[in-house]
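Protein chains in written order, with this note's numbering: chain A, 7 to 291; chain B, 7 to 291.
Watch out, some of these pointers could steer you wrong.
When chains are identical, the list treats them as one kind, so a pair holds in a single copy or across two.
Below, simulated DSSO-like cross-link-like pairs (lysine-lysine); rule was C-alpha separation at most 27 Å, straight line [said to hold, decoys possible]:
(1) Lys8 - Lys137
(2) Lys82 - Lys224
(3) Lys19 - Lys36
(4) Lys41 - Lys19
(5) Lys133 - Lys202
Calculated directly from the structure, the hints in this document are not laboratory data.
There are 2 protein chains.
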Amino acid sequence: MKTYLDCIPCFFKQALFAARAATHDENRIKEVLDKVSGLVPDIPLESPPPETARYVYGAVRDITGVSDPFRTHKDKSIERALQLYDSLKSAVTASEDPLRTAVHIAIAGNVIDFGAAQHFDLDNEMKDVLKKKPAIDDYESFRQSVETGGTVLFLGDNAGETVFDRILIETLRKNTVYAVREIPIINDATMEDAVKSGIDKVARIISSGCDAPGTILKRCSREFLEHYRTADVVISKGQGNLETLSEETRPIFFLLKVKCRIAAHHLGAEEGSLVLKDNRLQVGK
Amino acid sequence: MKTYLDCIPCFFKQALFAARAATHDENRIKEVLDKVSGLVPDIPLESPPPETARYVYGAVRDITGVSDPFRTHKDKSIERALQLYDSLKSAVTASEDPLRTAVHIAIAGNVIDFGAAQHFDLDNEMKDVLKKKPAIDDYESFRQSVETGGTVLFLGDNAGETVFDRILIETLRKNTVYAVREIPIINDATMEDAVKSGIDKVARIISSGCDAPGTILKRCSREFLEHYRTADVVISKGQGNLETLSEETRPIFFLLKVKCRIAAHHLGAEEGSLVLKDNRLQVGK
Numbered sequence: 007m008k009t010y011l012d013c014i015p016c017f018f019k020q021a022l023f024a025a026r027a028a029t030h031d032e033n034r035i036k037e038v039l040d041k042v043s044g045l046v047p048d049i050p051l052e053s054p055p056p057e058t059a060r061y062v063y064g065a066v067r068d069i070t071g072v073s074d075p076f077r078t079h080k081d082k083s084i085e086r087a088l089q090l091y092d093s094l095k096s097a098v099t100a101s102e103d104p105l106r107t108a109v110h111i112a113i114a115g116n117v118i119d120f121g122a123a124q125h126f127d128l129d130n131e132m133k134d135v136l137k138k139k140p141a142i143d144d145y146e147s148f149r150q151s152v153e154t155g156g157t158v159l160f161l162g163d164n165a166g167e168t169v170f171d172r173i174l175i176e177t178l179r180k181n182t183v184y185a186v187r188e189i190p191i192i193n194d195a196t197m198e199d200a201v202k203s204g205i206d207k208v209a210r211i212i213s214s215g216c217d218a219p220g221t222i223l224k225r226c227s228r229e230f231l232e233h234y235r236t237a238d239v240v241i242s243k244g245q246g247n248l249e250t251l252s253e254e255t256r257p258i259f260f261l262l263k264v265k266c267r268i269a270a271h272h273l274g275a276e277e278g279s280l281v282l283k284d285n286r287l288q289v290g291k
Numbered sequence: 007m008k009t010y011l012d013c014i015p016c017f018f019k020q021a022l023f024a025a026r027a028a029t030h031d032e033n034r035i036k037e038v039l040d041k042v043s044g045l046v047p048d049i050p051l052e053s054p055p056p057e058t059a060r061y062v063y064g065a066v067r068d069i070t071g072v073s074d075p076f077r078t079h080k081d082k083s084i085e086r087a088l089q090l091y092d093s094l095k096s097a098v099t100a101s102e103d104p105l106r107t108a109v110h111i112a113i114a115g116n117v118i119d120f121g122a123a124q125h126f127d128l129d130n131e132m133k134d135v136l137k138k139k140p141a142i143d144d145y146e147s148f149r150q151s152v153e154t155g156g157t158v159l160f161l162g163d164n165a166g167e168t169v170f171d172r173i174l175i176e177t178l179r180k181n182t183v184y185a186v187r188e189i190p191i192i193n194d195a196t197m198e199d200a201v202k203s204g205i206d207k208v209a210r211i212i213s214s215g216c217d218a219p220g221t222i223l224k225r226c227s228r229e230f231l232e233h234y235r236t237a238d239v240v241i242s243k244g245q246g247n248l249e250t251l252s253e254e255t256r257p258i259f260f261l262l263k264v265k266c267r268i269a270a271h272h273l274g275a276e277e278g279s280l281v282l283k284d285n286r287l288q289v290g291k
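Work out the full structure: start from the sequences and follow the hints.
If you want it as structure tokens, here you go:
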């Protein structure tokens, strides 16, 4: 997915939000916005937004000196998600179609985000999720793929959401590799967050090697790319991974909540809707 | 009101929206955003946002060559408002307190805006307005001032809203001067829009001399300033006029719909609420 001009105001909104999470010094925050302004003329519009987000969040890191401004938010998200774990597990167990329920839970977990959509209500979102049908719903294809496939590569997105991913991994019962970001960016899950969420008990966790809020293959590690090439099933969580992998031809299942108008247009689904998309079945605009 | 860092992403959002109204050439629109980026390091944060908006909309004008990108929108807004004129006049006539009703109508007309808040529903807004009490409601003070005062200076805001202002002017029955922007900026009313709305039948229309989407006194004409100094009552419509006159000590009645979180914080009223504020009675934060 390319970068749209609409992404530019959003980069500023995100820079401001992240800089404020990092510091209360208004001069420093203004410096961040000045730095982001300097980036605008050179934004590669042909690249996906996470390519530019690397520089935007890099500016926050460099100018404020805070490498993980959402550390506290991430810990709270994980804690809150862990509190919901038991009841969500029960819902899966009690379900007529446990896989379907686990998939819904994993998609709904994608509501946790401090990037494009900065406000969310985890509890209410979870209450609605079991009854809400995804706007794009390639579940049958997903079910067949995971039934026949032996290995799964799971591309994580946000910290906290990781706990809901764990429920899906536990339901799948496959040989799963869970990939996280190389360094903290926005509230995206790193190795530390995945371990805190208990993913290490159900999957092998690796870094993608990528420092963007997405999966930019040319920036990924050799180890990650090996898994990406060979995994029977790739499950990609969140909009950042979609933005960076939407042109890929290998089979990928995109599970996400649509966070902005641009992604909504790209997918042909409404903003805020839940998506389970098999990239072989539907072609993005 | 000073410029907050939150205004910076909003300037980009507004620049994009206005540039798109002016042209479909994505390269030109990107040029506008590049130009606005160049302004960021020098934004005078101690000045009100309309001071910077002059440069933002100036960039749209200079780069696209379109001096009035919202011309069609403005004409449609005026046309729609004129269609509502008779029924709103009847509501005033039938009201137990015609002045109160006319004030509500004038405030609700402020929903018409293509700046900070780009989406609005004029018909629904009008349906609600007669029953909705303003969040800040200095009506009694307003009523007393207009009953005793002989002359009114009315600071207009958006084209279309002008028709609702006309209803208030007709209800006041005072010697009224109606001030408009010097040149087209966003969808703010100019001389042409005021005349199309029939204001010329009920007031003397003058230009403020100011080319910003607000009333920056140091940029206003001598003629305007004479009226500003001597008018018994000043009625100021909209957020732009509030932003530029909020520190003034002369009595002003601010009538507006609160368009963003920053103005909401400043006023101590919720975003989206209606306001009738006597600046002598309540001090902004």
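Cross-check of the supplied hints:
Taking CA atoms no more than 27 Å apart as the test, Lys8 paired with Lys137 passes in neither setting, with 33 Å inside one copy and 47 Å between copies. In this assembly of identical chains, Lys82 and Lys224 lie within 27 Å of each other by CA distance neither inside one copy nor across copies; the values are 32 Å within and 50 Å between. For a Cα distance limit of 27 Å, the shortest separation of Lys19 from Lys36 qualifies both inside one copy, at 12 Å, and across copies, at 18 Å. In this homomeric assembly, Lys41 and Lys19 come within 27 Å of each other (Cα to Cα) both inside a single copy, at 14 Å, and across copies, at 18 Å.
In this assembly of identical chains, the alpha carbons of Lys133 and Lys202 lie at most 27 Å apart only when taken from the same copy (24 Å versus 52 Å across copies).
Checked against the numbered hints above, the structure breaks hints 1, 2 and satisfies the rest.
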